[in-house]
Structure formats: structure tokens, C-alpha cells
Amino acid sequence: MPASAWLIVFFLLPLVFVFTASFLTRGAGGMPVAPVTLEQYDRTFDVFGPVIWRTLGFALLTTALCLAVGYPTALFIARRRRPTVRMLLLFLVLLPFWTNFLVRTYALITIVQREGLLNQLLLRVGAITEPVQMLFTQGAVVLGLVYGYLPFMVLPIYAAVERLDRRYVEAAHDLGANDWRAFWRVVWPLTLPGVVAGSMLVFIPAVGAFVTPDLMGGTRGLMIGNLVQSQFGGRGNVPLGSAISMVLLAFVFVGVLVYTRFGEQDR
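Anchor point for the sequence shown: position 221 equals 250 in the working numbering, and the numbering is continuous, going up by one each time.
Rather than coming from a laboratory, the hints here were simulated on the basis of the structure. Heads up, the beta-carbon is just placed ideally off N, CA and C, and yes, glycines get one too. Please note that the accuracy of each hint is not assured.
[As the list claims (entries may be wrong)] Computed spacing ranges between beta-carbons, pair by pair:
no., residue 1, residue 2, range
1, Met30, Gly247, 45 to 51 Å
2, Val240, Pro64, 33 to 39 Å
3, Gly262, Arg192, 40 to 46 Å
Kindly produce the complete structure, drawing on both the sequences and the hints.
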């Protein structure tokens with residue numbers, strides 16, 4: 030009963046308010062008023078359509094890069110035989126969570142800004158002749174998202190690899206499979222649930238991110254989360270922000286459905 034009351038008061042009722050407000054008209058101060066209209070949804074897709082597709086592209090690219098980096102990392106950690114080494118490496122993966130996300134974002138900004146550490150290093154080794162503009166670009170947004178959400182990919186994959194019975198790999202080698210074929214026919218299918226779980230844990234928050242795009246992308250990194258934040262703040266447009274929020278929620282819901290369907294097939 031307490032859990033149900035918590036969900037109703039702090040999740041279901043606000044969601045009903047946002048859903049209802051998305052069909053209303055903007056009134057004084059940006060508040061929703063009658064009459065009922067679909068104008069906010071039309072404006073969401075007509076005006077902010079490019080932002081929606083950009084957000085999906087950023088989220089998918091972030092997920093793919095986290096997978097490309099996180100899977101080998103998780104595999105490397107899980108194959109360490111000494112438990113103390115594994116625990117140390119996992120500790121290093123989790124260590125960034127001990128620092129506030131906003132502080133970590135500002136730390137990354139000091140590295141990639143025009144006069145930052147990365148440009149200074151490239152200048153000293155002669156790789157570039159003048160500082161490169163890395164900050165306030167779409168690449169900086171993706172870099173910030175990967176940096177922030179990479180542990181969410183590593184940990185589920187590590188758990189899947191840790192549960193893997195190594196005798197299956199040995200059997201594949203005994204049957205004539207090389208390392209590459211054993212990986213694709215044995216290791217990858219058995220660790221795929223961890224890959225899907227990690228992908229959802231990265232994709233869902235990446236779709237709704239607004240701090241990283243705002244600080245590292247500026248106007249070039251505008252995403253759905255920034256639109257929602259701007260419409261609900263100051264004298265914005267609450268009905269429009271609600272419509273954008275419902276579109277964002279639909280993306281998240283589709284991701285959860287994919288994960289749930291995969292989980293049922295896996296069982």
C-alpha cells in the first residue's frame with residue numbers, strides 16, 4: 030500500500046497532468062487552458078522534428094559507442110583470474126559515480142575546450158598547428174554522453190560475462206572453432222541479455238539528457254530534454270512542453286517494450 034500510494038502521488042498523477050496539458054492551449058504565463066487542441070503535437074513534429082531526429086541519432090550513436098567500448102572492457106575485467114584485480118577494475122569503473130554529474134561534465138569541458146588540456150597536448154606533440162574547436166559541437170555532445178553513461182553499459186555486460194560457463198567455450202574449441210568463431214557462436218549469444226540491458230540503460234537516459242547537450246553542445250547540441258526544460262521554465266509554453274514530454278515518453282516506452290520482448294524470448 031505505501032508503494033502504491035507513492036507511485037500514484039509522485040508518478041501517475043503528474044503523468045496524467047502532463048498528458049492532459051498536452052492537449053490544451055497556451056494561456057497567460059504559458060499555463061494550459063481550454064479549448065482542447067492538437068496544435069501542440071502538430072508543432073512538436075513540424076517545428077521540432079529535426080531536434081527529435083537529432084536526439085534519436087545522438088542516443089543511438091551514444092549507445093553504439095558505449096557498446097563498442099564497454100563490451101571489451103567488461104570482457105577484460107571478467108577474464109581477470111584474481112578477484113582483487115577484478116574488484117579494483119570494477120571500482121575504477123564505478124569511481125566517477127562518487128562525483129556529481131555536473132562536476133564531471135565541467136571537468137570534461139576543461140579538457141576539450143579550445144585552451145584545454147587536450148588541445149595543449151596535441152599542440153606540444155605537433156599533431157595540430159592551432160587549437161581545434163571541440164566544445165559546442167555535436168561531437169562534444171556525444172563525447173559527454175558516452176563519458177557519462179559508459180558505466181551503465183559495462184556493468185550489465187560484466188554480470189553476463191561473469192555468469193558465462195567457460196566450459197561452453199572450451200567445448201567450441203574442442204569442436205574446431207577458433208577464438209573468433211567461438212566468440213560469435215557462443216560468447217556473444219550467451220551475453221546478449223547483458224548487452225540489451227546495458228543498451229537500454231544507456232539509450233533511455235541519453236534520449237532525455239539535457240545537462241550535457243546544454244553545457245557541451247550549445248545551440249548545435251539541442252535535444253528533446255532541452256526543449257522540455259525551456260518550455261516548463263520561466264514564461265514558456267507548458268502545453269507544448271507537455272506534448273514534447275509525451276513524445277519523449279513514447280520513445281522510452283518503445284525501448285522498454287523491446288527490452289521486455291527480448292527478455293521473454295531469452296527465458
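Structure-based check of each hint:
no.: 1; hint: Met30 with Gly247: 45 to 51 Å; verdict: holds, 47 Å
no.: 2; hint: Val240 with Pro64: 33 to 39 Å; verdict: holds, 36 Å
no.: 3; hint: Gly262 with Arg192: 40 to 46 Å; verdict: holds, 45 Å
Checked against the numbered hints given earlier, this structure breaks none of them.
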